[in-house]
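Asker: Protein chains in written order, with the working numbering: chain A, 1455 to 1899; chain B, 1047 to 1150.
Please keep in mind that the hints were generated in silico from the structure rather than gathered at the bench. Misleading hints may appear alongside valid ones.
[Unchecked claim] Derived CB-CB ranges, DEER-like:
(1) 1720(A) to 1075(B): 14 to 22 Å
(2) 1673(A) to 1119(B): 33 to 41 Å
(3) 1878(A) to 1147(B): 35 to 43 Å
Even glycine gets a Cβ: it sits at the ideal position worked out from N, Cα and C.
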Amino acid sequence: MNLGTGHDPPRRPADVTSSQAFGPGAYPAYIPGATRGADAAEYALCMEQLLQRLSASKRVTWLMSQAVVLATACLYALMLPVTTPRPANGLFQFPDLERFQLTGLCVVLALPVLLVRRLPATVFAAVLGESVLGDVFGARPLAVFILLVALSGNLAARRPKAAAVGSVAGVAAAFVNDLGVPGESVGDAAQWAGWLAVWFAVAWVFGGVYRKRREYLEALDEQTAARVVMAERLRIARELHDSVAHSIGIITVLSGAAARVVQTKPEQTQQALTGIESTSRETLLELQRMLGALRRAEPDDAMQQAAPLAPAGSLADVPQLAERTAGAGVRVHVTWRGERRPLPPEIELSAFRIIQESVTNVVRHSRARTCRVAVGYEPTGVRIEVVDDGDDGLGGPGRPRFAAGAGGSGFGLLGMRERVTLLSGQFSAGQRPEGGFRVTASLPA
Amino acid sequence: MSVRVLLVDDQPLMLVGLGILIGDTDDLEVAGEAGDGHEAVRLVRELRPDVVVMDIRMPGMDGIEATRQATAEPDPPKVLVLTTFDDDEYVYGALRAGASGFLP
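Pulled out of the complex, with its shape left as it was, chain A reads as follows (with noise of 0.2 Å):
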């Protein structure tokens, strides 16, 4: 039984980069604060391994399903004559073929096969339709059926109830098509279709439980990443404890201090009031230079470092963006919705990164030639989508075009995850059911 045609289409090899800005070199921490700080870097590494082994798995299982659905419409191209009983046989009616005529019927019958990854519901009703055929025309090659049962069990592994309904009316149209037969009786007939539906049940259980497995894989993986998300949340608070908390008890200790000897001891006064002062300097500059790190997308992002002032980014950036994309074979459509206005630094920042995120996937990871970014103001904040229709043919997704692209930003969908939580927004990225990748992103501003 083919099951393997059931596999996933594989996922964009998420780029699990949990920025780096925050690693243990980035602070001069404290010391017992450094040393845990490491073990959450090294933690967060070896997630960040694991992701790219599974992801890297998974195109080779991606391969490996179109094999085996290339294998599946041969091998079911030659055993269409193989299994089609001969006119000696008696319940055959169908005129003599000349050799290259079966040769090319056989190829044309095979042919849907090869879209069930994308189509298993239609392949399936396709292949119905080819068995209902044969048994109109009198010939009943057994591989038909066997094919049949292989694609119900394909379809039960993604749409259990379609199936479902799918077996039922194979198990009919066999029933049916059956007593057409000369010779056969009405229980022979059932006898065959009861055999049928034992093996369109027994399908239909093991696409279910391979389609259990693939949704538990699926669930670990986002557990996974969620675990990578949750070590960088700690780490910065850890940050903000070792730095900033510390500090503003030295200036609450000495705050008290200046006010308790204000009247008495000019002097110490002064110390106090002195170390309050430098405390807060050190304080800012260390806020700083972590919401920098926050914010920055890239940790190597040379422009951050040369012109710190200058503007990071903004949604008027995209059509810019749009047109450098077109210099790297993709074309970018943009459409705006609502009125357009300005919105805060943050929102703006954080919304261009994820679309020039979402593109730069777009080029580095399908064979899409043009992608669509909609922008939409609506009165609560902004609404971001983009789409690619995957490959436009053949191939498919996880083959990179471009080693380096229009200039990513390169914190990947767990580092937009991230941002759009933190600005307490809504976020989703997946493969689309017609094909190709979706991210949608709303920011409340």
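Go by the hints and put chain B onto chain A.
Answerer: What follows is chain B alone, placed relative to chain A:
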């Protein structure tokens, strides 16, 4: 006779602030100041203070280990631990090490 206090903190400005506060209180006096755990333990032996105000997170020997060593001395001082946040891990660690109380 006033209570003699040893201040232990790796942040010099914290020592300044605490020093001013204690110096301004009639029945308290600063016996000494230490910047890390090793120095704290040495000064406990040398100066025999009544109270040690101890920071927990310090480079070198941390406050918990210093508390353990200081309270293991004959006629040990009372140790008050300074924390920015009441991190459970530190609180229990320091109490097990013999600290008498906390100054959050």
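Asker: A separate judgement is required for each hint: does it hold in the structure or not?
Answerer: Taking the hints in turn, this is what the structure says about them:
1. 1720(A) to 1075(B): 14 to 22 Å: Given range 14 to 22 Å: holds, Cβ gap about 21 Å.
2. 1673(A) to 1119(B): 33 to 41 Å: 56 Å, violated
3. 1878(A) to 1147(B): 35 to 43 Å: 40 Å, holds
Violated hint: 2 only; the structure is consistent with all others.
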